[in-house]
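Trainee: The chain contents come next:
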Amino acid sequence: MAKEMPKIGGVFVQMEDEIASISATIGASMAGKISMTATSGPGFSLMQENIGYAIMAEIPVVIVNVMRVGPSTGIPTAPSQGDVMQAKYGSHGDYPIIVLCPSDVVDSYLLTAKAFYLAEKYRTSVIVLSDEIVGHMREGVDLPEVEEVKKNMPVIGKGKKIHYTGLANEKGFAIYEPEKYEKLIKRLYDKIENAKDVVSYKVENPDAKTIIFAYGSPYRTAKAVLKLAKNVGVFKAETLFPFPEKALRKVAKNAERIIVPEMNVGKIVKEVERVVGDSCEVVSVTKLAQLIDPYTILRVIENG
Amino acid sequence: MGDIKEVKEYLTNLPHTWCAGCGNGIVLGAFIRAFRESGIDEDKLVVVSGIGCSGRVTQYLNFDAIHTTHGRALAFATGIKLANPELKVVVMMGDGDALAIGGNHFIHAARRNIDLTAIIFNNSVYGMTGGQLSPTSPINTKTTTTPYGNFENPFNIAELAIAAGATYVARWTTYHAKQLKKSIKEALLHKGFSVVEAIAGCPTQQKVKPAEILRFQKSIKPLGVFKREEKEEYVEKYLKLVKSLESNLETEKL
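Protein chains in written order, with the working numbering: chain Z, 1 to 304; chain F, 1001 to 1254.
One thing to keep in mind: the hints can contain errors.
[Stated by the list, open to error] Calculated pairs, DSBU-like style, for lysine-lysine (alpha carbon to alpha carbon, straight line, at most 30 Å): (1) F/Lys1218 <-> F/Lys1207; (2) F/Lys1008 <-> Z/Lys161; (3) Z/Lys33 <-> F/Lys1044; (4) F/Lys1218 <-> F/Lys1178; (5) Z/Lys196 <-> Z/Lys151; (6) F/Lys1182 <-> Z/Lys160; (7) Z/Lys160 <-> F/Lys1008; (8) F/Lys1240 <-> Z/Lys151; (9) Z/Lys246 <-> Z/Lys121.
[To be verified] To list a few chain F residues with every Cβ distance to chain Z over 12 Å, as calculated: (10) Gly1021; (11) Gly1130; (12) Thr1146; (13) Arg1215; (14) Gln1217; (15) Gly1224; (16) Arg1228.
None of these hints come from the bench; they were simulated from the model. By construction, the Cβ of each residue, glycine as well, lies at the ideal position given by its N, Cα and C atoms.
The shape of chain F in the complex, shown without the other chains:
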């Protein structure tokens, strides 16, 4: 990937606050490369984030970018998309952000099949606040809030998204940066609610060396594109309704 200069054009306000070895930078790099290949107009792309390490992306991206409140990025994005359907709205969330506090918005955005692209930085931990359990932490994991091990079952993000109605769903890890980029590009070009889960490591909270995290990610299964469906999208349906009501009114006037 000898395109660092081109990627940097879309970054701003550096240095960032992410730790050495954090997976977020790889996901962000994959997003920028995917965007460059997608042909989408940069003035029509909006990035929306929530709270947490992943939430910081909006400060670093040189696009229109909205840093919202914890868990609410998808709800903000829904308002943005409905107000200006021309925009490509990309929502970047962490696993706690998207699936714990924001879990309700996640399933309902999927249910509506609204044209948003959700990229979930899944490191299975609340990194920024001190390594607490997240809804994707594996069973038996020891975290600061589960010092005796976790008794809860983790969400399977991809399966949850499919069950809730998302029409493009993929999962990759930061080890699979090229495949991740390809899926993000496909998600950006998909009409409807698209979800890309990017499994990323948090060396600071998980106390594992970044290289070991990447080696482990090689063995994670299943990965790939799990859902790809053409289905009428929510905003388009609404615009059709507006058009039909307008023509009704005009006929009445005549």
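Chain Z on its own, in the form it takes in the complex:
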């Protein structure tokens, strides 16, 4: 980025810390530019306060978090998916958030483009939640064209006398009445959770008895299992939050069992249980600090 941005008239700046990075990213967005920042777990923790700011002030920004093992310094830089709930709940207060999970290089490209599109369209923070394996992945790819993203908000410097604030506000000015606050928060939730173009997923063999629900690099593992086992399908969640409830419920109708491989102690499996736990068996497969190999999942399938 440092090398490429100035070549296309863009700007790259290395700020003094991750709090400064997210702040400058939000500032650049307010001043009319499409902007993003990237980090891993420790930096993502530092950014949380202002991720909430961007949601409250309705400023579009894209934050890439390439997950690594934690907590704290953990094992630098072993793979992990331990930050999934931090991505959803990391900032304080009640707020909705969009979290996209790439599984390979093409995904990293397309979902980052989608993140910019959604951030600008809905004026919100969008997290691209990658992991160490996807982040370091090298492979031959064909990259399709993506649509140019346009600013969808009043920007400063145009004489409009805009006021942006992190206070609960109506059109930039503070509100203190609980009723108005509730209305504001409901509107923020509504614009994300009822949007038609936020949730994306892919399903392979939807009629199979066993479905593997995967996001991030374990999706690659799930694809390998597809080749090795019969009567197995895969649900690939590209949007992790808002959680793809409707689509998962539909797939679960025909399934007997849903296997959820994750590189954490088993976090998204709780979401899967919440959504489809009453209609089929949900099995958690976890590995810490390393990729889940296909045979681990195969053994679960074969041993029932």
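Fit chain F to the given chain Z structure using the hints.
Mentor: Same frame as chain Z, but now just chain F:
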């Protein structure tokens, strides 16, 4: 200063929440007057603030104005300036805001010599949250968090700014409103990171009458402009780089 009508043109969303006798209004008045004299286009001026009593200024100023999070105003402002170098970005912070939670951003903005103007409302106390110790509270001060007196040495804002690389640094008090206005004007017209420390009183938390605070401010030393240096500024350097890369690309095409 018989220009109240003109000053009021730049104020909005009143009444304000500041206490009677608060020094913030004098600093804000000095800023508006300095801006009027500077000749800067009002549509190209952005005010950025953090959290605290000083942070409230953005609600009252009729400019593009950004109320950010505690301590982060300078980092937001850096993004704004880089995204639109045409803008004059003025960052208004309190002493706790700028030097405790935001201390890292303060020294790094100075180090970059980025073209921002920082106005620090220094009342040596966390006024809004109940009179806690700030990094500029004098030694031995009793505050709500130092009931037995403060053992820590205060920052000298001007010296810190100079050491970190700021290229315009001045200090005045609210007693010296005219000199304060002049320095803010010079800071607005300065290219590079400029810092104006405005020593202000907090009668509510310091439990001193406003008139006494002003009388005391008469004796504060040293005051004045401590640094004025012409030095290439960060954003200009970046834009030069962009231009040279563009012309390289064009030569390659030919």
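Trainee: If a hint holds in the structure, say so; if it doesn't, say that too.
Mentor: Hints, verified against the model:
1. For the given pair, lysine 1218 of chain F sits about 19 Å from lysine 1207 of chain F by alpha-carbon distance, which is consistent with the 30 Å threshold.
2. Note on lysine 1008 of chain F and lysine 161 of chain Z: the hinted pairing holds, with a Cα-Cα distance of about 15 Å set against a maximum of 30 Å.
3. Between the alpha carbons of lysine 33 of chain Z and lysine 1044 of chain F the distance comes to roughly 16 Å, so the proposed pair stays at or under 30 Å and holds.
4. Our distance criterion of 30 Å between C-alpha atoms is met by lysine 1218 of chain F and lysine 1178 of chain F, whose separation comes to about 13 Å.
5. Restraint check for lysine 196 of chain Z and lysine 151 of chain Z: satisfied, since their Cα atoms lie roughly 20 Å apart, inside the 30 Å limit.
6. A hinted pair counts as satisfied when its Cα atoms are at most 30 Å apart, and lysine 1182 of chain F with lysine 160 of chain Z qualifies at roughly 28 Å.
7. In summary, the hint linking lysine 160 of chain Z to lysine 1008 of chain F is supported, as the alpha carbons are separated by about 18 Å, within the 30 Å threshold.
8. At roughly 26 Å between alpha-carbon atoms, lysine 1240 of chain F and lysine 151 of chain Z fall within 30 Å of each other, so this suggested pair holds.
9. At most 30 Å may separate the alpha-carbon atoms for a hinted pair to count; lysine 246 of chain Z and lysine 121 of chain Z meet this at roughly 23 Å.
10. A cut-off of 12 Å between C-beta atoms confirms that glycine 1021 of chain F is not in contact with chain Z; the least separation is 24 Å.
11. Against the 12 Å criterion, glycine 1130 of chain F stays outside the reach of chain Z, whose nearest CB is about 19 Å from its own CB.
12. Chain Z leaves threonine 1146 of chain F outside its interface by the beta-carbon criterion, the shortest separation being 27 Å against a cut-off of 12 Å.
13. A cut-off of 12 Å between C-beta atoms confirms that arginine 1215 of chain F is not in contact with chain Z; the least separation is 35 Å.
14. No Cβ of chain Z comes within 12 Å of the Cβ of glutamine 1217 of chain F; the nearest lies about 31 Å off, and the non-interface call holds.
15. The Cβ of glycine 1224 of chain F lies farther than 12 Å from every Cβ of chain Z, with a closest approach of about 29 Å, so its non-interface assignment holds.
16. For arginine 1228 of chain F, the shortest C-beta to C-beta distance to chain Z comes to about 25 Å, beyond the 12 Å cut-off, and the non-interface label holds.
In this structure, every one of the numbered hints holds.
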